[in-house]
Amino acid sequence: MMTVHLKSSNDVMGMCGGTAAVLRRILCLLLLLVFVRGCRSNGSGGGRILVFPEDGSHWLNMEVILRELHSRGHNLTVLRSAKSWYIPQNSPVYTSITVNPAPPPAGEDLGPDFYTILMQRSLKLHRMLPVLRFLEQQKDTAAMLMMFHGEALCMISTILDDSVLVAKLRVSRFDLMLTDPAFPAGVLLAQYLGMPMVYNVRWLNAGEAHMTVAPTLPSYVPMYNSLFSDNMDLLQRTENFLRYLVILLQEHLVILPLYVNLLKRHFPPGADLLSMQRSADVWLMRVDFVFEFPRPTMPNVVYVGGFQCRPAEPLPADLEAFMQSSGEHGVVVMSLGTLVSALPKEVTEAVAQAFAKLPHKVVWRFLGERPSSLGNNTLLLDWLPQNDLLGHPKTRAFVAHGGTNGLYEAIYHGVPVLGLPLLFDQFDNVLRLQVRGVARVLEAATLTTEDFLEALRDVLENKSYRHNMQKLSGLHRDTPLSPLASATFWIEYVMRNGGASHLRTEAYSLPWYSYHSLDVAALLLALSGASLWASVYVCSRLCCRRSRRKTKLE
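Residue numbers are given in this note's numbering: position 1 of the sequence shown equals residue 4, and the series is strictly consecutive.
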């Protein structure tokens, strides 16, 4: 019995030892799996990325990309201004370097209230006659460009003049600059440090970014603020061409001269801003051709419109109860974005009166004095989960100012739009949706309760708007990679390969007359002229010779 007992103990110990070995093997396999998955998800091995964003709504979509890059193991450093009112200094996603730029020469200090002033000016302009409005818009645009670029110039000057900061950035050995080039401070810094560069871009200099990177023919590519589609008649094409010339003049006469002294101080002789801007390895364009009109493009332009969109998440309990209380009528969501805090009182009252006449419930992101005509069906919130509301099955329509962030969320979730544009590109953006039959557009400057109510009822009751938007949503989603996955792939692609110069055309290095083949035309014209002259000369000589012979014979 004793012997048997000892034998059984050894067997048990052997079994325990075997079990422990199996567990160790399983643990090793699990660790290996985690490691392999981490390597897969982080295609470029955890790169070091320097980020130079723009403030305002531009930051909101840049932050989406940064969160995704952080989740893939990349190390992010964000350069921000001490005057920034959207970009936080502290974040779990990135470390920040805060720069305190010198005040611009004009003494202008841009802030959230600045955009409310701009909105009031915009409403005033839209009450003017078209010709006068065009002239005033160009004057205002030139002044605004000088102001914004003045801020960017102060920022980059402060950075490049700080030898300690520049040395710190060099020692950090970043793999990539990710920047929004609407204003070129990030572009100049990347060029100064000799870094590969990826753009998160929609606008550049005085116009849409395609104008800098790809051929842009004003015969069928509508210019900024033209309010034209890609199907223009003769008069529209004439106006569009004039707008094209104005944009080029603003770029060359207003913007580029601002940076001449900086380039002389910090860059080699002959350096020019436009060439630097065109040198980006990849342009992540914040549109796609579900939204944008078809136009020429380049191999290093990647379309990632709507990359901030995602499936809706559950709403807070009180908001969900409000949505459910709408019954069969559903809910209208209204939000005018992040830049403008409040509409003029007369516009607010007109909108509130119209909402009060609807059987639908309304969720309205609203800041300011409560409208006196507000109905019991309307819930005012100083902030709302816009994406989650648009993805809610009870949502029937979206009243929007026309920023691309909100419009792409509406496209993603298939919600028709009533556009109330206020500033900048918003007028062009909502026009693109109107052309596709998924939106109505109203003029805020002349808005009445009756106009707003009629247009909103049309969007709610005419099923074609929702049908067309759901079709647009299907087209937007029908891609091999999601826009966010595509954006991160190309950022990592540039890091893995140390750039993507093979995707850049050599057209950028040509002088303007060579780019437009004017030198070729001049050469062919000269050759044709010389050939014609030679032919005339030979013919005249032959005629003269025959004439002499005839005279001698006579």
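Heads up, a few of these hints could be off.
Said to hold, decoys possible - Derived DSSO-like pairs: lysine-lysine, alpha-carbon spacing no greater than 27 Å straight-line:
id	residue 1	residue 2
1	466	397
2	360	267
3	127	142
4	397	474
5	360	397
6	348	127
7	171	86
8	348	474
9	348	360
To be verified - Here are the simulated distance ranges between beta carbons:
id	residue 1	residue 2	range
10	263	321	37 to 47 Å
11	271	519	22 to 32 Å
12	513	451	24 to 34 Å
13	331	134	23 to 33 Å
14	530	252	26 to 36 Å
15	292	239	20 to 30 Å
16	513	263	16 to 26 Å
Calculated directly from the structure, the hints in this document are not laboratory data. Being a predicted model, the structure only gives us computed values, none of them experimental. Glycine included, every Cβ here is placed at the ideal spot set by N, Cα and C.
Tested hints:
Pair hint residue 466 plus residue 397 holds up; C-alpha atoms about 15 Å apart against a cutoff of 27 Å. Distance check on the hinted pair: residue 360 and residue 267 sit about 63 Å apart at the alpha-carbon level, beyond 27 Å; violated. Only pairs whose Cα atoms come within 27 Å are accepted, and residue 127 paired with residue 142 is accepted, the gap being roughly 14 Å. Straight-line distance between C-alpha atoms of residue 397 and residue 474 comes to about 19 Å, which keeps the hinted pair within the 27 Å bound.
Proximity of residue 360 to residue 397 is assessed by CA-CA distance (about 19 Å); at most 27 Å being required, the pair is judged to hold. Of the pairs offered as hints, the one joining residue 348 and residue 127 holds, with about 14 Å between alpha carbons and a cut-off of 27 Å not exceeded. Straight-line distance between C-alpha atoms of residue 171 and residue 86 comes to about 22 Å, which keeps the hinted pair within the 27 Å bound. Taking the CA atoms of residue 348 and residue 474, the gap is near 37 Å; set against the 27 Å cutoff, the hint is violated.
Distance check on the hinted pair: residue 348 and residue 360 sit about 19 Å apart at the alpha-carbon level, within 27 Å; holds. Between residue 263 and residue 321 the CB atoms are about 57 Å apart, so this pair departs from the stated range of 37 to 47 Å. Restraint check, residue 271 to residue 519: a C-beta distance of roughly 27 Å satisfies the suggested window 22 to 32 Å. At about 53 Å, the CB distance of residue 513 to residue 451 disagrees with the hint of 24 to 34 Å.
Hint check: residue 331 to residue 134, Cβ distance near 49 Å, so the stated range 23 to 33 Å is violated. Between residue 530 and residue 252 the beta carbons are some 34 Å apart, a value that agrees with the proposed interval 26 to 36 Å. For residue 292 and residue 239, the Cβ-Cβ distance of about 21 Å falls inside the hinted range of 20 to 30 Å, so the restraint holds. The supplied range of 16 to 26 Å is met by residue 513 and residue 263, whose beta-carbon atoms lie about 22 Å from each other.
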